[in-house]
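> The chain contents come next:
Number of protein chains: 2
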Amino acid sequence: MDWMLLGLLAGAITSSGFIPQLVRGFRTKKLDDISLYMPLVLISGMTLWLLYGIMLHDISIMIANSVGVSCNLLLLTMKKIY
Amino acid sequence: MDWMLLGLLAGAITSSGFIPQLVRGFRTKKLDDISLYMPLVLISGMTLWLLYGIMLHDISIMIANSVGVSCNLLLLTMKKIY
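From first to last, the protein sequence lines stand for chains C and Y.
Residue numbering for the first sequence follows the working numbering, starting at 277 and increasing by one per position.
Residue numbering for the second sequence follows the working numbering, starting at 277 and increasing by one per position.
Next comes chain C alone, as it looks inside the complex (with noise of 0.2 Å):
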């Protein structure tokens, strides 16, 4: 089995699970109940890890994080409009 393959499943999954969250914040105009220090902490972390994808040459972690690091991006853009 390629681990690789493994690997971009793995992030195309996470990746997409804050799109249902992003899908409701946009519908419901709500994001009351979502701590404010989710997403910024999470941005912080996925940089790390996007930085530790990039020394390990692993594009599977490099796409995850960058997704991961712009879905939060929005959300946070969207909890501080809303």
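Just so you know, these hints were derived from the structure itself, not from any lab.
Hints should not be assumed to be uniformly reliable.
Where chains are identical, the list cannot tell them apart; a pair therefore holds if satisfied intra-copy or between any two copies.
Simulated crosslink set (EDC-like; lysine to aspartate or glutamate; CA at most 20 Å straight-line) [claimed, not checked]: (1) Lys356 / Asp309; (2) Lys305 / Asp278; (3) Lys355 / Asp278; (4) Lys355 / Asp309; (5) Lys356 / Asp308; (6) Lys355 / Asp334; (7) Lys306 / Asp278; (8) Lys305 / Asp334.
For this one, chain C is given, so just place chain Y on it according to the hints.
Same frame as chain C, but now just chain Y:
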């Protein structure tokens, strides 16, 4: 620089990202704005990451995703209870 240390730090930060959300949920007893699918999908994806970490013998990936899965299982349980 030791990349394993970077991975461990990244893992510690992303894992702790869910803690403020758990604390907030526990205090307010309200998780209505949280999409049910976010923890569900993250648990599936992080389980695959865990497998990926085991296959690559990457301790940072293993620890981060074990804690991540636990936090999201707890979040899911809280969402079901409240």
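> So, for every hint listed, does it hold in this structure?
Hints, verified against the model:
1. Lys356 / Asp309: both (13 Å within a copy, 15 Å between copies)
2. Lys305 / Asp278: Classified as neither; 41 Å inside a copy, 43 Å across copies.
3. Lys355 / Asp278: Neither way: Lys355 and Asp278 sit 39 Å apart in one copy and 36 Å across, limit 20 Å.
4. Lys355 / Asp309: The answer is both: 10 Å in one copy and 11 Å across copies each meet 20 Å.
5. Lys356 / Asp308: both (10 Å within a copy, 18 Å between copies)
6. Lys355 / Asp334: This pair counts as neither: shortest intra-copy Cα distance 32 Å, inter-copy 34 Å.
7. Lys306 / Asp278: For Lys306 and Asp278, the Cα distance exceeds 20 Å both inside one copy (41 Å) and across copies (42 Å).
8. Lys305 / Asp334: neither (36 Å within a copy, 40 Å between copies)
Hint violations for this structure: numbers 2, 3, 6, 7 and 8, all remaining hints satisfied.
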